[in-house]
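Chains as they are written, first to last, in UniProt numbering: chain A, 1 to 361; chain B, 1 to 253.
Since the hints were derived computationally from the structure, they do not count as laboratory data. Note that the structure is predicted; figures quoted are calculated from it, not measured. Hints are supplied without guarantee of correctness; some may be wrong.
[Stated by the list, open to error] Calculated Cβ distances over 12 angstroms to all of chain B for the following chain A residues:
no. : residue
1   : P43
2   : A114
3   : A117
4   : L229
5   : S318
[Unchecked claim] Cut-off 25 angstroms, straight-line C-alpha distance, at most; resulting in silico cross-link-like pairs (DSS-like, lysine-lysine):
no. : chain 1 : residue 1 : chain 2 : residue 2
6   : B       : K55       : B       : K66
7   : A       : K51       : A       : K357
8   : B       : K219      : B       : K55
9   : B       : K66       : A       : K21
10  : A       : K342      : B       : K140
11  : A       : K21       : A       : K357
12  : A       : K21       : B       : K118
13  : A       : K342      : A       : K357
14  : A       : K314      : A       : K342
15  : B       : K140      : A       : K357
16  : A       : K21       : A       : K314
17  : B       : K55       : B       : K71
Just so it is clear, CB atoms sit at the ideal spot from N, CA and C, and this is done for glycine as well.
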Amino acid sequence: MTAVLEKPTQLTPEKPPRQWKGPAVFVAVAIIALVVMPLLLEPFRLGLLAKYLCYAIVALGIGLAWGQGGMLTLGQGVFFGLGGYAMGMFLKLNDAGGDLPDFMVWSGVEQLPALWAPFGNPVFALAMVVVVPLVVAVLLGTLVFRQRVRGAYFAILTQALAAAMVILLVGQQGLTGGTNGLTNFFDFFGNDVAAESTQRGLYLTVAIVLGVLYLAAWQLVRSRFGRLLLAVRDGEDRVRFLGYNPATVKTITFAISAVMAGIAGALFVPVVGIISPALLGVVPSLELVVAVAVGGRFALAGAVLGAVVMGYAKTYFSEELPDAWLYLQGALFILVMTLAPKGIVGVAAALRGRLRKEASA
Amino acid sequence: MTALLEVRDLSVVFDGFRAIDGVDFTVQNGELRFLIGPNGAGKTTLIDIITGLTKPTTGTVVFDGKSLAGKREHERVRLGIGRTFQTSVVFEELTVLENLDLAASFRRPLWQLLARRKGVVAAVEQALETTGLGDLATRKAGVLSHGQRQWLEIGMLIAQGPRLLLLDEPVAGMSSDERARTGELLTSIAKDHTVIVIEHDMEFLRRYASQVTVLHEGKVLIEGSVDEVRADPRVQEVYLGRAREEAAHDAVS
Numbered sequence: 001m002t003a004v005l006e007k008p009t010q011l012t013p014e015k016p017p018r019q020w021k022g023p024a025v026f027v028a029v030a031i032i033a034l035v036v037m038p039l040l041l042e043p044f045r046l047g048l049l050a051k052y053l054c055y056a057i058v059a060l061g062i063g064l065a066w067g068q069g070g071m072l073t074l075g076q077g078v079f080f081g082l083g084g085y086a087m088g089m090f091l092k093l094n095d096a097g098g099d100l101p102d103f104m105v106w107s108g109v110e111q112l113p114a115l116w117a118p119f120g121n122p123v124f125a126l127a128m129v130v131v132v133p134l135v136v137a138v139l140l141g142t143l144v145f146r147q148r149v150r151g152a153y154f155a156i157l158t159q160a161l162a163a164a165m166v167i168l169l170v171g172q173q174g175l176t177g178g179t180n181g182l183t184n185f186f187d188f189f190g191n192d193v194a195a196e197s198t199q200r201g202l203y204l205t206v207a208i209v210l211g212v213l214y215l216a217a218w219q220l221v222r223s224r225f226g227r228l229l230l231a232v233r234d235g236e237d238r239v240r241f242l243g244y245n246p247a248t249v250k251t252i253t254f255a256i257s258a259v260m261a262g263i264a265g266a267l268f269v270p271v272v273g274i275i276s277p278a279l280l281g282v283v284p285s286l287e288l289v290v291a292v293a294v295g296g297r298f299a300l301a302g303a304v305l306g307a308v309v310m311g312y313a314k315t316y317f318s319e320e321l322p323d324a325w326l327y328l329q330g331a332l333f334i335l336v337m338t339l340a341p342k343g344i345v346g347v348a349a350a351l352r353g354r355l356r357k358e359a360s361a
Numbered sequence: 001m002t003a004l005l006e007v008r009d010l011s012v013v014f015d016g017f018r019a020i021d022g023v024d025f026t027v028q029n030g031e032l033r034f035l036i037g038p039n040g041a042g043k044t045t046l047i048d049i050i051t052g053l054t055k056p057t058t059g060t061v062v063f064d065g066k067s068l069a070g071k072r073e074h075e076r077v078r079l080g081i082g083r084t085f086q087t088s089v090v091f092e093e094l095t096v097l098e099n100l101d102l103a104a105s106f107r108r109p110l111w112q113l114l115a116r117r118k119g120v121v122a123a124v125e126q127a128l129e130t131t132g133l134g135d136l137a138t139r140k141a142g143v144l145s146h147g148q149r150q151w152l153e154i155g156m157l158i159a160q161g162p163r164l165l166l167l168d169e170p171v172a173g174m175s176s177d178e179r180a181r182t183g184e185l186l187t188s189i190a191k192d193h194t195v196i197v198i199e200h201d202m203e204f205l206r207r208y209a210s211q212v213t214v215l216h217e218g219k220v221l222i223e224g225s226v227d228e229v230r231a232d233p234r235v236q237e238v239y240l241g242r243a244r245e246e247a248a249h250d251a252v253s
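Could you build the full structure based on these sequences and the hints that come with them?
Here is the structure:
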């Protein structure tokens with residue numbers, strides 16, 4: 001070390017060649033997720049991780065919309081629910097095998113509603129997982145962003161949407177299963193959905209989908225569009241005078257985050273075995289935003305990390321100290337927003353910087 | 001020479017206050033026009049109307065033979081009207097290069113924006129050269145000094161490739177060295193662009209202006225060469241009157 005230090009001090013170059021670091025971390029995490037975890041965790045715990053990874057997909061979308069684009073969306077549960085119900089409707093019809101789904105019989109529905117009929121087709125149902133959130137988000141974005149609704153107003157609007165969605169679902173008992181939602185699934189594309197092998201396959205599917213979407217989001221953030229998105233976040237009015245329409249940029253990004261939430265919802269249904277209003281209302285939507293903030297909203301990895309960490313924390317504290325969790329969650333959010341706006345990722349980077357400084361001092 | 005910008009009988013009323021009151025204003029292709037006037041004369045409001053930030057109450061703005069009525073801000077940029085702001089706004093989280101690159105890329109179709117930037121396009125390279133910001137290209141714009149920010153903004157404007165540039169007080173708050181550099185920058189840009197500059201600074205005006213329009217209380221007071229304008233008693237009254245008042249005010253406070 002001292003020999004190196006005897007050289008005349010030079011300014012560190014602007015960009016040290018560390019291009020391999022990001023991909024290396026990604027590959028390491030992928031190996032842990034795809035190989036180590038399935039070997040290490042018992043089926044119940046692996047199922048929990050699969051659930052957290054579903055939330056991580058939603059969080060990734062929130063990271064894009066909020067962290068990169070400045071759109072604080074408090075209603076991602078809506079899109080999560082749209083994807084989840086599309087999948088749930090297919091599974092219910094598949095299990096019913098030509099008859100009415102069980103909950104409809106209990107509600108006294110006598111004929112399959114027209115809205116349900118096409119969801120018996122798996123291709124249609126899977127397409128709707130993407131198309132419905134996409135269309136809703138594009139419509140909403142076009143209306144809202146064109147009128148230059150932003151900041152707290154946008155946040156409140158999305159939250160109201162989540163509340164409205166719950167009311168709608170609960171009110172249409174015969175169509176949606178009401179408060180109970182859609183549950184009691186048996187078959188998943190020819191496999192017993194509860195079987196250990198199916199659940200393992202589902203876990204791997206969720207992990208791979210998360211990985212692919214992460215790479216896509218990463219590419220988006222690094223592209224010119226990603227730079228433009230940051231510019232819109234930091235100075236929407238200035239961007240207009242660069243010749244871009246910020247409403248278009250925001251609508252596209254919001255739609256991408258909505259599609260991610262929709263896909264997550266669709267994967268969540270076979271993994272957990274239920275989709276219901278309680279899983280997509282205001283509270284779960286907010287919990288995910290808190291998770292993204294805790295992990296670090298300005299980095300995609302922070303959003304994913306936050307969802308997994310907060311998922312585990314919720315499970316742990318619900319098992320050990322069920323009453324304390326809500327307070328802890330609230331306190332953590334306040335702490336992060338006031339003291340560490342960049343979340344866990346930001347704190348880790350700051351620590352690393354300090355260690356490096358001490359090492360070279 | 002043909003008129004690039006024609007403003008006819010323009011008025012704008014804010015809550016009963018006539019910020020612009022029946023202004024006619026024409027700028028020829030290739031011109032460098034200075035727009036001066038005391039505070040509240042309506043200079044920035046005029047620029048705001050031309051760029052779509054403010055809607056006129058009455059009157060028309062015609063750019064290159066086309067009416068701008070109903071066109072939104074980014075659509076006017078796409079027609080070739082670019083501007084800077086009094087308080088410069090650059091994107092602090094992006095590097096100088098990325099700021100310029102965004103300014104140069106708005107004509108690309110959306111799908112092309114999804115690719116990463118590879119290399120530096122000619123327009124950006126030229127903007128870096130013109131503004132002398134080449135050494136700072138990979139630094140975040142947040143670390144720039146006030147003067148460098150103004151140059152970056154002017155650079156972004158050049159990189160846009162506009163046909164009409166509107167600069168709102170480009171030397172405000174600059175040191176005298178920075179003013180001189182900005183003046184040179186302005187002179188070189190004006191060689192192949194049509195430029196309208198709002199400026200308060202009389203010294204700067206005397207050195208770099210040729211054609212001047214004086215606004216006063218929302219009306220065009222006089223238009224002409226620098227010497228004509230400076231010799232006009234009404235301009236002296238407007239400016240010196242103000243100067244006297246301000247001096248008196250300063251003496252009191």
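Evaluation of the provided hints:
P43(A), annotated as away from the interface, keeps every beta carbon of chain B farther than 12 angstroms; the closest lies near 40 angstroms. Every CB of chain B is more than 12 angstroms from the CB of A114(A) (nearest about 36 angstroms), matching its label as outside the interface. Every beta carbon of chain B lies more than 12 angstroms from that of A117(A), the smallest distance being close to 36 angstroms; the non-interface claim holds. At roughly 10 angstroms from the closest C-beta of chain B, the C-beta of L229(A) falls inside 12 angstroms, breaking its exclusion from the interface.
Every CB of chain B lies more than 12 angstroms from the CB of S318(A), the least distance being 38 angstroms, so the non-interface label holds. Between K55(B) and K66(B) the alpha-carbon distance is near 17 angstroms, which keeps this suggested pair within the 25 angstroms criterion. The suggested pairing of K51(A) with K357(A) is violated, with an alpha-carbon distance near 39 angstroms, which exceeds 25 angstroms. Between K219(B) and K55(B) the alpha-carbon distance is near 17 angstroms, which keeps this suggested pair within the 25 angstroms criterion.
Between the alpha carbons of K66(B) and K21(A) the distance comes to roughly 53 angstroms, so the proposed pair goes past 25 angstroms and is violated. A C-alpha spacing of about 18 angstroms is found between K342(A) and K140(B), which places the hinted pair at or below 25 angstroms, so the restraint holds. A distance of roughly 19 angstroms separates the Cα atoms of K21(A) and K357(A); the hinted pair therefore holds under the 25 angstroms criterion. Only pairs whose Cα atoms come within 25 angstroms are accepted, and K21(A) paired with K118(B) is accepted, the gap being roughly 21 angstroms.
Annotation: proposed proximity of K342(A) to K357(A) holds, straight-line Cα distance about 20 angstroms (limit 25 angstroms). A C-alpha spacing of about 21 angstroms is found between K314(A) and K342(A), which places the hinted pair at or below 25 angstroms, so the restraint holds. Taken as a hint, the K140(B) and K357(A) pair is honoured in the structure, with Cα atoms around 22 angstroms apart against an allowance of 25 angstroms. A hinted pair counts as satisfied when its Cα atoms are at most 25 angstroms apart, and K21(A) with K314(A) does not qualify at roughly 31 angstroms.
For a cut-off of 25 angstroms, the pair hint linking K55(B) to K71(B) stands: about 10 angstroms separates their Cα positions.
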